[in-house]
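2 protein chains.
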Amino acid sequence: MKHVHYTDVELETPTEEGVKDTKVRWLISKKDGAENFAMRVFEIQPGGNTPLHQHDWEHEVFVLQGEGVARSETDEECFKEGDIFFVKPMEWHQFVNTGKETLKIICLIPYK
Amino acid sequence: MKHVHYTDVELETPTEEGVKDTKVRWLISKKDGAENFAMRVFEIQPGGNTPLHQHDWEHEVFVLQGEGVARSETDEECFKEGDIFFVKPMEWHQFVNTGKETLKIICLIPYK
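The listed protein sequences derive, respectively, from chains A and B. With the working numbering applied, the first sequence closes on residue 127, and no number is skipped along the way. With the working numbering applied, the second sequence closes on residue 127, and no number is skipped along the way.
Don't read these hints as lab results, they were simulated from the structure. A quick note: this is a predicted structure, and the numbers were derived from the prediction, not measured. Quick reminder that beta carbons are idealized off the backbone N, C-alpha and C, glycines included. Please note that a few of the clues may not be correct.
Unchecked claim - Some residues of chain B that are not near chain A, with every Cβ distance over 10 Å (derived):
(1) 18
(2) 20
(3) 31
(4) 47
(5) 48
(6) 62
(7) 66
(8) 68
(9) 70
(10) 82
(11) 92
(12) 116
(13) 125
Claimed, not checked - Result set (DSS-like, lysine-lysine): computed pairs, CA atoms no more than 25 Å apart in a straight line:
(14) 35(B) <-> 103(A)
(15) 95(B) <-> 119(A)
(16) 103(B) <-> 46(A)
(17) 95(A) <-> 119(B)
(18) 17(B) <-> 119(B)
(19) 46(B) <-> 17(A)
(20) 17(A) <-> 95(B)
(21) 103(B) <-> 127(A)
(22) 46(B) <-> 127(A)
(23) 127(A) <-> 17(B)
(24) 46(B) <-> 103(A)
(25) 103(A) <-> 127(B)
(26) 127(B) <-> 95(A)
(27) 127(B) <-> 127(A)
(28) 95(A) <-> 38(B)
(29) 46(A) <-> 95(A)
(30) 103(B) <-> 17(B)
(31) 17(B) <-> 17(A)
(32) 95(B) <-> 95(A)
(33) 38(B) <-> 46(A)
(34) 119(A) <-> 119(B)
(35) 103(A) <-> 17(B)
(36) 46(A) <-> 115(A)
(37) 46(B) <-> 95(A)
(38) 38(A) <-> 45(B)
All chains, full assembly: derive it from the sequences and hints.
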């Protein structure tokens, strides 16, 4: 079985439009033989954010460290360490770091 | 989107043979509309363990808190907070809490 510390996985810069001060580690992916879903961790600096967007796949999110605001099309909710999110396909969503430390969120997506 | 703290999700007792001093929270599952994979957190007391077993689906694991030993058919590896595991289908595996605090591991499985 693959076994590493998450910080030993390469920290990459996402190229997607609308991303600000955010890096990503692909912890478990097709490279490891994962065929059904991938585990990433996003590391978002204070003031940074993921894009406000929608897509036809879901997210399963666990907030590992930090705090922020989750935006949907019509709503904003504060969140903190230990919170989880299930973002359904086609739901608008954005995660913003409104805290003083790096926000780290585990985010899983399906392969299909 | 579903948004709760993970400790607000019911703590259940797994019924599987070989489980010792372990509880589970189904954080995101079919009940929430998740069709591709489920997110659970296992909370294992000191001295407790998940079963030593194998099955035809994979695990994606993130160690949230604590420390322990991961057993495979032939090997034992110590692990700690922040470690990740990818357990391939049919790999033997067991997680044992060898520490002094509750071991908490996030463990995802596919629906198929």
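(request) For the pair supplied as a hint, residue 95(A) and residue 38(B), confirm whether the alpha-carbon distance does not exceed 25 Å. (result) 23 Å, holds
(message) Tell me if the straight-line CA distance from residue 95(B) to residue 95(A) falls inside 25 Å.
(response) 22 Å, holds
(request) Hey, is residue 68(B) genuinely clear of chain A, shortest beta carbon separation above 10 Å? (result) Fine: 13 Å to the nearest Cβ keeps residue 68(B) off the interface.
(request) Taking the shortest Cβ-to-Cβ distance between residue 66(B) and chain A, state whether it exceeds 10 Å. (result) Per Cβ check, residue 66(B) is outside 10 Å of chain A; nearest 15 Å; holds.
(request) Would you check the hint for residue 95(B) and residue 119(A), treating anything up to 25 Å between C-alpha atoms as holding? (result) 18 Å, holds
(request) Starting from residue 127(B), check that the Cα of residue 127(A) is at most 25 Å away, please. (result) Holds: residue 127(B) and residue 127(A) sit about 12 Å apart, inside 25 Å.
(request) Please confirm whether residue 18(B) is truly not at the interface, meaning its C-beta sits more than 10 Å away from all C-beta atoms of chain A. (result) Not fine: 5 Å to the nearest Cβ puts residue 18(B) too close to chain A.
(message) Tell me if the straight-line CA distance from residue 103(A) to residue 17(B) falls inside 25 Å.
(response) 9 Å, holds
(request) For the pair supplied as a hint, residue 35(B) and residue 103(A), confirm whether the alpha-carbon distance does not exceed 25 Å. (result) 34 Å, violated
(request) Please settle this one: residue 92(B) was flagged as non-interface, so is its CB more than 10 Å from every CB on chain A? (result) Incorrect as stated: the minimum Cβ-Cβ distance to chain A is 6 Å, not above 10 Å.
(request) Quick one: work out the minimum CB distance from residue 20(B) to chain A and report holds if it exceeds 10 Å, violated otherwise. (result) 5 Å, violated
(request) Mind checking the alpha carbons of residue 46(A) and residue 115(A) for me, to see if they're no more than 25 Å apart? (result) 34 Å, violated
The structure does not agree with the numbered hints 1, 2, 4, 5, 11, 13, 14, 19, 26, 29, 30, 31, 33, 36, 38 stated previously, though it agrees with the rest.
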